[in-house]
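Chains as they are written, first to last, in the numbering used here: chain A, 1134 to 1309; chain B, 1134 to 1309; chain C, 1134 to 1309.
Honestly, the hints are just simulated from the structure, not real lab data.
Any given hint could be a false lead.
Each pair may be met inside one copy or between any two copies, as identical chains are not told apart.
[Said to hold, decoys possible] With a Cα cut of at most 25 Å, we get these calculated DMTMM-like pairs of lysine to aspartate or glutamate: (1) Lys1301 - Glu1172; (2) Lys1301 - Asp1273; (3) Lys1301 - Glu1197; (4) Lys1301 - Asp1229; (5) Lys1301 - Asp1231; (6) Lys1301 - Asp1264; (7) Lys1301 - Glu1177; (8) Lys1301 - Asp1287; (9) Lys1301 - Asp1175; (10) Lys1301 - Asp1241; (11) Lys1301 - Asp1180; (12) Lys1301 - Asp1188; (13) Lys1301 - Glu1176; (14) Lys1301 - Asp1201.
Source: prediction; values computed, not measured.
In case you want the letters, here they are:
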Amino acid sequence: MSLPPLSFVTGGARSGKSAFAERLARLGPATHGYIATAEPWDEEMRDRIARHRLDRGTGWHTVEAPLDLPAALSQTQGAVLIDCATLWLTNHLLADHDLDAETARLLDALARHAAPVIIVSNEVGWGIVPDNALARRFRDAQGRLNQRLAARADLAVAVIAGLPLVLKGTLPGGMA
Amino acid sequence: MSLPPLSFVTGGARSGKSAFAERLARLGPATHGYIATAEPWDEEMRDRIARHRLDRGTGWHTVEAPLDLPAALSQTQGAVLIDCATLWLTNHLLADHDLDAETARLLDALARHAAPVIIVSNEVGWGIVPDNALARRFRDAQGRLNQRLAARADLAVAVIAGLPLVLKGTLPGGMA
Amino acid sequence: MSLPPLSFVTGGARSGKSAFAERLARLGPATHGYIATAEPWDEEMRDRIARHRLDRGTGWHTVEAPLDLPAALSQTQGAVLIDCATLWLTNHLLADHDLDAETARLLDALARHAAPVIIVSNEVGWGIVPDNALARRFRDAQGRLNQRLAARADLAVAVIAGLPLVLKGTLPGGMA
């Protein structure tokens, strides 16, 4: 079975969601795009990005896009993996951009993209209410974004301990 | 298929659990009760309550019940949605009430209610152990309450990114 | 149906995962081992351990093993429940041990154990990124450990509100 037009992969930190999404992307044609939203603003983040790149292996055409996912999507051909919606949202929130407008632009670009897209996101709302207001705003915005992405997705999966839990659609053959 | 006697809907913050529970309630007869447990003690909370009310739309008979859910239940006829167990628990915790006794009273009122009840709750224990002792107490109390409600429920659903994951029972037709 | 060689039970705090794992263990022969990883370093922890012991009831052969799970495993016969991987990991992290080496030793001991093993762990990565670096390190280590345990397990279950959600394998009869 081939990749659906839009796959949404969510989960907690270090749940194996990126690795799962990469396996999903490899079901597509040999070349696949990778849109990285992380910005290496400190050493911990640089380490994390380097480790992700190492885990990912070769065969990816990488585009860096901390903010402008629609432009990055238009630069890729074939199946593309966006990792991840959470850092993209964080970057826009810290830049004080209009999150609803940016989300609308993203959803529009995803709908117009001709090849399969896999987008990775995070679950961040399963803990105690955070003390600080910015964290609460982010948590709300992430929750709303995940709902909107999942509503559009043909396949939606939560990853727990590396294992996929299908929320919507059907896993392509070879991923069960 | 009609609504089961007791439905339990849980999930993270901004997971779409309230919207899902409202769709569930609308499967019942035209009039449905809504028991709100939120108290508007600050502007952020007032905004949140107003947004929820707006999302909910018309056709609800609303009863405010920050603490006494059994009394509120006895004031409603037909299917009723309680949103949510988490704020109810928080209100009792902050008032230093006996949580086990209040939970027993709630479970008893749920069992006696003649019409279908849908109760919304939150998952709050999937993060790092909180620093402060009150948050840890709340986290434990919420986990225990969710276990007790789910044990009584005919239908139990976790909502992730707006999508229902059935934990127990079967989704009524039109909700799958 | 009998117990699979390795069962992995994960979930949030106070989700009922220990109680579920205990029910699973009781499907095995009459005597079952219990390996406790908790260390009673403060009153809250002593209370928690005592409450768990009370909940568990009789019929368990308990071994305390805050750090050396392989040695503890070699002291038990029959089905054994390890509760939990999270405290074991915390103990090694605080002792500044090599987590990868300890994990490899644990996986090796689990593979060599002749009788069924059930290991309980926690989901800790579904909240906001923690402020402090040690919490972030722990969160990453826990996520990686859960992935490795789940990859080896024959049965993997997430517990939400006391209810099991099968991630991998099949629940033994009597547990559905």
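_List of violated hint numbers, smallest to largest_ = Of the numbered hints, 1, 3, 4, 5, 6, 7, 9, 11, 13, 14 do not hold.
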